[in-house]
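**Q** Here is what each chain is made of, one letter per residue.
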Amino acid sequence: NAGVTQTPKFQVLKTGQSMTLQCAQDMNHEYMSWYRQDPGMGLRLIHYSVGAGITDQGEVPNGYNVSRSTTEDFPLRLLSAAPSQTSVYFCASSYIHLAEAFFGQGTRLTVV
Amino acid sequence: GIQVEQSPPDLILQEGANSTLRCNFSDSVNNLQWFHQNPWGQLINLFYIPSGTKQNGRLSATTVATERYSLLYISSSQTTDSGVYFCAVSPSNNDMRFGAGTRLTVKP
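Here the protein sequences come in this chain order: Y and B. Take 56 as the starting number for the first sequence in the numbering used here and just add one per residue. Take 3 as the starting number for the second sequence in the numbering used here and just add one per residue.
These are calculated hints, taken from the structure and not from any lab test. Please note: incorrect hints may appear among the correct ones.
[Said to hold, decoys possible] Partial pick of chain B residues on the chain Y-facing surface, computed with a CB cut under 8 Å:
#1 G43
#2 F88
#3 M98
#4 G101
#5 A102
Model, not experiment: these values are computed from the prediction. For every residue, glycine included, the Cβ atom is placed at its ideal position computed from N, Cα and C.
Okay, chain Y solo, but in the shape it has when bound (with noise of 0.2 Å):
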């Protein structure tokens, strides 16, 4: 098993651009989430989604986009880059919302 697959490991952007993070689960988990991590702090929910066709908006959903065609994917559209994005990214799943969560192995993003 995979578990929660991220892609890239690493980017870096310039103020404006617009880029897809990716996310994919292999375990069948009907809930899904987009973190953000700054330095010193804890995780901050951006967007989650609690199945195939269903998103809402976390405690960060300002410059996200999400959406959730299959129960598999759901990737994390930043449409125009600031620096104040640069975050380290994780995307979670778990069988419910109530329920053990995996995390992927995080994505490092830089906007200059």
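Guided by the hints, dock chain B onto chain Y, whose structure is given.
**A** Chain B alone, transformed into the frame defined by chain Y:
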């Protein structure tokens, strides 16, 4: 929104020592999890523990939901225990809120 406070923020131990990490939360929760982030950044789920006590080897956790706190115990610490320990709680909606973490350094 719910507040999650972890203490201490930093902890330095000698190998073999025991430690207790604390997580306080400001409102009732449906879920509480403890995670370890290793020095390479990987997040590993240690315990799913909305209430009660669980043990896994040298680690154990206790959550007293009525008093809004959880404790993570590490016994006979090893250098591989180093990293950041996060507590995360889920209130009645669909999100999960993390504390700021406890950074543990275990010295040989």
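**Q** Does each hint fit the structure? Answer for all of them.
**A** Status of the hints after comparison with the structure:
| no. | hint | result |
| --- | --- | --- |
| 1 | G43 | holds, 5 Å |
| 2 | F88 | holds, 6 Å |
| 3 | M98 | holds, 6 Å |
| 4 | G101 | holds, 5 Å |
| 5 | A102 | holds, 5 Å |
In the structure shown, no violation is registered for any of the earlier numbered hints.
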